[in-house]
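**Q** Kindly generate the complete structure, drawing on both the sequences and the hints.
Sequences listed follow chains A and B, in order.
Those letters in the first sequence? Residues 1 to 394, by the numbering used here.
Those letters in the second sequence? Residues 1001 to 1221, by the numbering used here.
The hints are simulated quantities; they were obtained by calculation from the structure and are not laboratory data.
What you are looking at is a predicted structure, and each value in this text was computed from that prediction instead of being measured.
Quick reminder that beta carbons are idealized off the backbone N, C-alpha and C, glycines included.
Examples of chain A residues toward chain B, derived with CB under 10 Å: (1) 4; (2) 313; (3) 314; (4) 388; (5) 391.
When the alpha-carbon atoms are kept at most 27 Å apart in a straight line, the in silico DSSO-like pairs for lysine-lysine are as follows: (6) A:217 <-> A:151; (7) B:1136 <-> A:14; (8) A:217 <-> A:67; (9) A:380 <-> A:301; (10) B:1079 <-> A:380; (11) B:1116 <-> A:7; (12) B:1079 <-> A:301; (13) B:1079 <-> A:7; (14) A:3 <-> B:1079; (15) A:151 <-> A:182; (16) A:3 <-> B:1128; (17) A:3 <-> B:1084; (18) A:12 <-> B:1116; (19) A:12 <-> B:1136; (20) B:1128 <-> B:1079; (21) A:3 <-> B:1116; (22) A:111 <-> A:182; (23) B:1116 <-> B:1136; (24) B:1136 <-> A:7.
If the Cβ cut is set under 10 Å, some of the chain B residues that face chain A in the computed set are: (25) 1046; (26) 1049; (27) 1054; (28) 1080; (29) 1091; (30) 1097; (31) 1108; (32) 1110.
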Amino acid sequence: MLKHLFKLIWNKRKQNFLFLSEILVSFLVIFAVFSFLTFYYQNYTKPLGFDYERVWTINYDNGRLTKNNDSLQTFYSNLRNSLKAMPQIEEVTYASANFPYSNSTMSTAVKKNGKRFDRVNFYTADENYDKVWNVKLLSGRWFKPEDAVGKNKSIVINETLKTAMFGNGSAIGQLIGDYEDKAKMKVIGVVQDVKTSGDYWPAGNAVFNRLDTGYLKDIRNVLIKVSTDADATFESNLYKFMTNNFKNSTIEIGHLSEMRDSKNEVTVIPMIIFMIIAAFLVINVALGLFGVLWYNINQRKGEIGLRRAIGASGNNVSSQLILEALVLATLSLVVGCFFAVQFPLLSVFDVPSSVYVIAMLLAVAFIYLLVFACALYPGKQASGIHPAIALHEE
Amino acid sequence: MIRLQNIEKVYRTDTVETLAINGINLQIAKGEFLSIMGPSGCGKSTLLNIMGLLDEPSKGSININDQDVSKFSDQRLAKFRNEKLGFIFQSYHLINDLHVLDNVELPLLYRSSSAKERRQLATAALEKVGLSNRLKHFPTQLSGGQRQRVAIARAIVGNPQIILADEPTGNLDSGMGNEIMEILINLNRNEGTTIVMVTHDENMANKTHRLVRLFDGSQVQ
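**A** In structure tokens:
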């Protein structure tokens, strides 16, 4: 019967062109939607790698501070001590502007044995960074003051970069080159991946570089971990304190939990809009498919009557029409999968292959379900066509 | 072989009730070639559809091969039609998107047979009607007479005991009509197939064993 249906469909390929095109376009759109959803879901289920609760950021304009490194070091050391003296503050750290959930990014490339690893997030952090963020160390250690005098610059890398560079081997004590492979950096620790761009984005490769005195003039953020007692009154006092210390420059205090929500919204809202548009498309396609199948059945009443006369039961007729729709869908899906499979093969957008493979399988299942649902009612109606009337009408 | 007892068929709409068949009693013996004649709208095709189990009578019973088929389920009726009955229609009812050979194979798709077996049986049926050189043609590439011969091949491919022909020569000129009639007569004579044929043509009807005339849904001869 399947061969018979293929023959029938092939011989009616011109009439079926609209149906085939609709399914193909729907598959590609659904594949895109599922690719996004799978990508976001896979990232969402991975651990965050740090704690953002009760972490505040204090942003300031550093233009009015002295440019003298020694004076700056003293200034920041005093500031840290003053802040830490406040009972509501548990930890204080200075870091580059690309701290988690900020809208700032810094990336570089690193080399190992001549092999280049691109798009490596480059974070500058001091000795207390891991305590503020509760970054989870997998091996080695975080920065210590004595790292300032090492022969090679000390760095901490994340798990993704470690796996890419060293596989299952140990990274601790290994030397890796900077983007020009001139200076060598020594890996002293490996931390769990830190999803700094929100819950739905991967951590990517990351290198944590120790903040040295030369970088102090570029610091514009103080990150603090506050206790549960830190309320609006404390925030107001903190603001005044910082304003006094920074000679009335603009001070902004941000809460990382709110920044996280904003960051996630940037991902979720466009995705919801995309899904709504896709849903409208799917509804239109479903109505279209339903219409095409309904029209086909009305056009083929004579054939249905004939099949009933020569031995098809009502169920046979219904199954045949549903099967025909599924065979047609299969033809479109073969073409659709040919295009879709190029994405994992060519590693498009640097997304893991598993995302595209899962999205493809989900899209195929979705299209089959859609076609089955659209064919079910017309198929049932066809099975109810009275053979004598159908043959007479023809 | 076929026994119709007190068959009535009423078509009902919201406002009108039409009596299409009125108390028909008919017995058709095995190997008989029967023709049914009558003016348009007298219920010939309705009666044929009832005999072919394509339509249900409003009243009365149908026995075929001593089986009361009125109580058969849809599934069982379909199987019975497939194995015991063959249909020939005035407008051929061929599927234009399938080759001649595939059209003839159709009834065999609804029974368990291999593709090879189906091909052999369909080719043999087409040979019987003299169309073995048109296997890969589409119905639209054939003349009316050839199309009706394809329809006959489709009707006989499953080796049915009964063939029901609804004006098989109605769309054909007299030459082609006679050719089709010859095929049916040979089938009846050589294979012993019981044939019930509805026709408007007195000449064709005269070639059959028995003629039944209908008028306003009732048997008058």
